[in-house]
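Peer 1: Be aware that the sequence shown starts at -19, since it is given in my numbering, and climbs by one per residue.
The set of hints was computed from the structure by calculation and includes no laboratory data. These figures come from a predicted structure and were not determined experimentally. Just so you know, even glycine gets a beta-carbon here, dropped at the ideal spot from N, CA and C. The reader is advised that the hints may include incorrect statements.
Cross-link-like lysine-lysine pairs, in silico, PhoX-like; alpha carbons within 25 angstroms at most [what the hints assert, rightly or not]:
| no. | residue 1 | residue 2 |
| --- | --- | --- |
| 1 | LYS690 | LYS715 |
| 2 | LYS826 | LYS856 |
| 3 | LYS848 | LYS874 |
| 4 | LYS478 | LYS431 |
| 5 | LYS1080 | LYS665 |
| 6 | LYS623 | LYS109 |
| 7 | LYS478 | LYS706 |
| 8 | LYS715 | LYS739 |
The following label-pair restraints were derived from C-beta to C-beta distances [to be verified]:
| no. | residue 1 | residue 2 | range |
| --- | --- | --- | --- |
| 9 | THR644 | GLN1175 | 51 to 57 angstroms |
| 10 | ARG125 | THR351 | 27 to 33 angstroms |
| 11 | GLU1234 | THR119 | 53 to 59 angstroms |
| 12 | ASP364 | THR947 | 48 to 54 angstroms |
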Amino acid sequence: MEDVLPPGLLEICLLVGVPRERVRALLQGTQRKPKSLPPLDPEVLSVFVPPFISRDDIQVINAGNNLNKSKRRSFRKKKERPKIENVKSLNGEQKATDTEDITVPVDIDLIGLPQLCFPGGLYITSESKEDHIHFLVFTDVCGNRTYGVVAQYYQPLQDGCTSLNGQAHWDSAQTGKMPVCFVPFAICVISRYPYFNALKDCLSCLLVQLRPFKDLDVEEHIKEFAAKLFLIPSPPPGPLHLVFNMKPLQIIIPSREDPDSPIIDLDLHLPLLCFKPEQVLQIMTCILTEQRIVFFSSDWALLTLIAECFMLYLHPLQWQHTFVPLLSRQMLDFVMAPTSFLMGCHIDHFEEVSTETEDLILINIDNGDITHSKMAEEELEIPDVPAQAAETFIKRVESLQLHYDLELCHLRASTDLGELQMRRRAWQQKLNTEVQQMTLQLIVNIFREVKDHLNYEHRVFNSEEFLKTRATGDQPFYKKVLETYMFHSFLKARLNRKMDAFARLELSTQSEEDRLNLMFHTPRRLTMEKMASKQFNPQYMISRRMVISMPNLQDIKLPEGPARNSSLRRIETSVAVKMPSKSVSTFKIPEIHFPLMFQCVHSYYTDFFNHLSKAINTLPPDNSALLARYFYLRGLISLMQGKLLNALSDFQNLDKTDLRIFPTDLVRKIVETMPPSERLQADRKPELKKLISRVMEKQREVMKIDDHVKNFELPKTHMQLDDFVKRIQESGIVKDIDTIHRLFDALTVGFKNFLGHQKQIDPETFRDFYNYWKETEAEAQEVNLPPTVIEHLDKNECVYKLSCSVKTNYGVGKIALTQKRLFLLTEGGRPGYVQIAAFRDIEDVKSTTVAFLLLRIPTLRIKTLSKKEVFEANLKTECDLWYLIVKEMWAGKKMADDHKDPQYIQQALTNVLLMDAVVGALQSSKTIYAASKLSYFDRMKNEVPMMVPKTTSETLKHKINPSAGETFPQAIDVLLYTPGHLDPSERPGNAHPKLWCALNEGKVVVFDASSWSIQQHCFKMGRSKLTCMIMVEQSHVWIGSQDSIIYIINTHSMSCNKQLNDHRSDVTDIIVEKKNGIPSEAYSSSLDGTVIAWNISTLKVNRVFQLPCQNLTSIKLHNDQLWCCTGSCILVASTHEFQLQMKIEHHLKDVCSYFLCFQLFPERDEVWASYSGSSDLYIWNTKDFSSTPQKIHLQDCSEITCMIRVKNQMWVGSSGRSQGKSKGKIYVISTEKKTVEKELVGHADTVKALCSAEDRYVLSGSGKEEGKIAIWKAE
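Go ahead and model the full structure; you've got the sequences and the hints to work with.
Peer 2: Below is the structure:
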C-alpha cells in the first residue's frame, strides 16, 4: 500500500559535509591554518528516508526498548557506494541485512548531490559564517522535476570544545593543539513539490534548533524533522492552504490554484527587481525561441529562484529542454551541450563560460546585463516581442507596487512575529497574483490569434498564413517561435481544446467581434471601424453592449458578420485585465508528538481525521469548494490509516463537491491493491460499487489522444472528391462540405472522363486556386479608403472585392462590394462615394452590351427600388463575373431577410469570393460557366419558390446556427434559456441572459442572448446524448445525460465541477420545486422508472421512488403531485411519500403507439398529451380521467415531438414530410378555444426542442439536416 500513497512534503533528507575525523586528521597532519586548506570534497554523511516508523515498532515499544534501539532510518553513506548496504546506528554497531529494504528513490543521484549542496566548494574557515540557503531542481529522463532546498551551517571543530548557542567556548588546557576552525555542513531536503519558501522556513527553524547540539543529537533532530515533513500531505488544488507549526514559525503549504496550475511558493516579482521590463521581455523571447541560456549571479539562491520565476511566467507553455538552474564548479562543462538549455552559474565563472563557449545568451542577474558569448561568429539576433503585447506588458509592470517597504509606510509597527509573517505573506500573495495575471495576459496577447489558423477536424496549423497576418516588425519573433518544441506542444493543447489558463483568459477577454466570428466564418477583411482606428485613433476600443434582460429583437441590428483581421487587432493597453481575487482558507494540521513511534503516528492521524470531520460538519453545504478539499484530505488520511473503504467514500463525495480534484489514478491503485475481503465489502455498497466500476471502466476506455499536428502543405498528387474536401478544409478557406462539393464541380469543369475514371483535380489547379485566394485576401488588407468614404459605411462592413477602373453613368471609378451594398469609389482629385445599391433594394440585374463605335462593350445594369435611374457600368471582360456576383448576393440577402438568418448572406459572400478565385485560377473559356456552379442562392431562387408564409415571417425574429464552424450541421437535442442577473463578483458580460444548446455526443454551446453571439463554444458533458437541462439555482444548471449522470454546471465559471451518479439508467427529465419563489427540492427521473428527490444545497438524496413500470420519459410537478409520463400511461404520485394516486391509461388500444410528451394546464384542470406516430393532441380533464379525451388534429403533421406552454398558448413542435424531405412545423394552439392559431414553417427538419424566454419569445431547435435555432415572438 505504501506504493499507492501520494508523496508527502518530503521525499528524502540528507546531511552532507566531511567527516570530522577527516578534518582533524588533515589539520593535525599538516598543521595548516584553515584558510590555507584547499576545498574538500563533500560527501553524504547521513540519509533520512521514509518510512520513519512501521508497525514492527510496536513490538519494540512493547518490549520496553527505547526508540533509539528500534529500526533506524538514519545512516552513514559512503560516497563511492550508491547502493545502501549497511546502516550505522547511534552507538556505532553495524546492523544486519534487516535494513536492506531502505532504499533511496531511484531518481536521486547521491554521487552528484554533494557538489550541488556546496556548489562553490567546501571550505574550512577560522570564523563562523552566517547560515546560507539555496535551491535545487532535478529533472529525470521523463521530464519530471524534483526540488531541493539546501541549508548550509557551520559547526566548530576543536578537541574539548563545547557549544553554546552556536558559539565555540574552548577549554584552556586544549588550546594550542589545533587551530580553531569551523566546518560547514549542509542539510538538503528533497521534495516532489516546489515549496521553496515553505521548506526554506522549515530549514530555518531546524537550524535554530540545532545550535546547542552535538553530532549525535544533531542527527536525531534531523531525523525527527524529516519524519515530521514526511507526515505533512500536500494540499489538493483549490482554495485551501495547510498550516503546521515548526517552532518558532507557522509554516504555510500553499495549494495550486486549480489542477492545471503550477504550485507557486516563491516571490514572483524577483525578476522585476533585477531587470527592467524590456529586459524581462528579452529574456522571455530567449526562452520562447529556445536559445542556450545561462544565468549568472553571486547569489546561489537567486539562480534557481529567477529561473523558476521565468518558467512560471511562461505558463501554460512549458520549457521542454535541459533545465539545470544551478551548476557547481565541477559541472561547468554542461554548458558545452549542443542543444537548447537553461542553466545557472556563479558570476565568478562568467569570463570562462563566455570565452570558451559560443552561441550562448548570458544573463547577469546582479547587474541586469544580457549579452552573447564572445566566440559566436555571428551575433545572435534576439527578436523583439510583438509590439502591442510588449507595450501592454510594460505598462502593467510599471503599475505594480514591487517594494514591501512602501506598503508598510502607513501601517503600525508590528510586535508579533506571526503577524509580521502573515502581513508579508498576504502582500506577496497579492503581488504574485498580479504578476501571474500580467504574464498570462502577455502569453495570450502573443498567441491569441493562433486559433484563427487552426483546423480542428484535421489537426492542421497553417503557419504560413499565420505569419503573413503578423505585423512586419513582429514576423522575426514568430518565425523563430513557430519552430520550437514549446510552441508545438502549445498547438497540441489548442487542437485538443484544452481548457487551461490560456483558454480561460482568452475566452474571458474575447470581444463581441470575436464571438460573432465564431458564428460567421467569412474571409478576413479590414472592417471600416478598424480602418478608421488604424488611421486616426489607435486607442479606439469596440464598445460592448451591456444588456441584462432579454432584448427586443426588432431593435437589434443583426450583425452582417464582421470579418476578422488578425494582424490589426488592437490590444487595449490602458486597461489591465484583472481577475477577481479568490478567497483562500487555511487548515491547521495537528501537532506531531515525539519520540516518533507507531502510537504517536496513529494518534496524529486520528487527530487529523477528527479535525477534518469537525470542519466538514460545521461547514455550510453551499461552500462546496472548501468541503471538497476537506473530503480529499480526509480520504488521504484514511488511506494512510489503511481504511480503504472510508477513503473511497470520501473520494466519492468529490463528485458532488468538486470532481476536478478527484484522484482517478490514486483510486484505481487503491482498487487494484485492495484485499479481496475489502473488495467484497465495497461491492456490497451500491455507491462504492458504481465508483469502482466507473474508475476501472475509464481505464479501459482510455484512448490515446490523437495529438499530432500537421502544418498545411499544398497537395502534390491528383485529388478525387474526398481528398479535395479534406485539403480545402485544412487550408481554412471553407469548411462546409456542400460548398466544397460545388467548388469541386467548378474546378473540374472540362474534365474529360476516360474509361470511367472519377473526376480529379491536379495539384497545379489547386495551387493556382489557393494562391489566388490568398493573394486576393492579402490585397484586400491593403485597401485604404478615405474618411469621406468610410463615413458612409457601417463600422462592421468590409470591402471584399474591387473592380478595375470602369466607366459608369455615375462617373469613372471602381465598383466596391461589401456584405451589404455596392458602391462606386469615384476617381479624380479626391476619391468619393456614390451609392449604387443595397442588396435588399435591388429589383433587377442584367448583363448586356452597349455599342461604342464598331464595338459592343459588355455592360452590367442594376435596377433598384429606390432609384428611377438604372445603374450602368462598362465592365468589359469583368462583366460576366460581376453579373454572377451581384445576382448571388442579391439572392442571398433576400433569403437572409425572408428567413431572418444572417448566415445566408455570409454563405452568399463566401460563394462569390470562391467564384472570383475560380475565375482567377482557371483562366479558360469556360471559367464563367465553372463559376456559375457556385451560384447556390441564385439557383435556389430560380428553381425553388423562396416565399415564406406571412404568418411565419411576422412571427420569426431571428435564426442562429450553433453548428457554425463545424463541417456539417448537428441536431439540437435540448434548449434552455437562463435569465440575466448581475452578481457583484461577476464581470458584467457574465450577467447577460444565456441560451444553452445541447448538441450530439454531450456537446453544449452557450449563446449570449443579449446579442446572440456565441459565449462559449462547445464544452463537453460526457460522450452520450444529453436529454434535459434546467437552471436549478441562479448559479447552477443541471444537465441530464443518457450515460445516467447529471452534470452540474457552475454558470459563473462555465465549468462542470460536480456530478450526480445515483441513477442507474438514462436520465430523462429534471424539475425543480419552488417554495415562496426559492428552489427547495429537485426531482430527476430515469428511463428505468426511478425518481430521485434531491436536496439542492447538499446534493444529498432525500427520497427515491421506483415506478411500477419503466420507459419513464418525463415528469411534471403541481401541488405536491408528481406527474410521470411512461410509454403506456401517465402516473400521478405524492411528492412526500411517493404514493401512487391516479393513472391515465393508454386509450388507443388498437394502435401500436406510446405516450411521447405531455403538458399540465392546472388552471383549466387539463393534461395535454401526444402519442408516437400520431398527428393528434389529446386533452384529458384531470377531475375525470374516465371520460373520453378531447382531440385536436394537426394538419400536415406526421408526429408531435415536443410541446411547451407559453401564457395561454400551447406551442407544439412536430415532424413531417414535404416533397420527400423532412420538415419541421410549429403549431400555436389556443388553450381556451382548442384551435390552431398559427402554423409556423421555420425548419427544414424535425422540431426537436422548444423553450421559452421570459414568455416573450419561444426558441425552437431542429434535427441534424438543418441544425438551427429559430427565435419566435410570443404573443
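Peer 1: The structure should be examined with respect to each hint, and the outcome stated for every one.
Peer 2: Hint check:
no. : hint                                 : in the structure
1   : LYS690 - LYS715                      : holds, 17 angstroms
2   : LYS826 - LYS856                      : holds, 14 angstroms
3   : LYS848 - LYS874                      : holds, 21 angstroms
4   : LYS478 - LYS431                      : holds, 12 angstroms
5   : LYS1080 - LYS665                     : holds, 16 angstroms
6   : LYS623 - LYS109                      : violated, 49 angstroms
7   : LYS478 - LYS706                      : holds, 24 angstroms
8   : LYS715 - LYS739                      : holds, 21 angstroms
9   : THR644 - GLN1175: 51 to 57 angstroms : holds, 54 angstroms
10  : ARG125 - THR351: 27 to 33 angstroms  : holds, 28 angstroms
11  : GLU1234 - THR119: 53 to 59 angstroms : holds, 57 angstroms
12  : ASP364 - THR947: 48 to 54 angstroms  : violated, 39 angstroms
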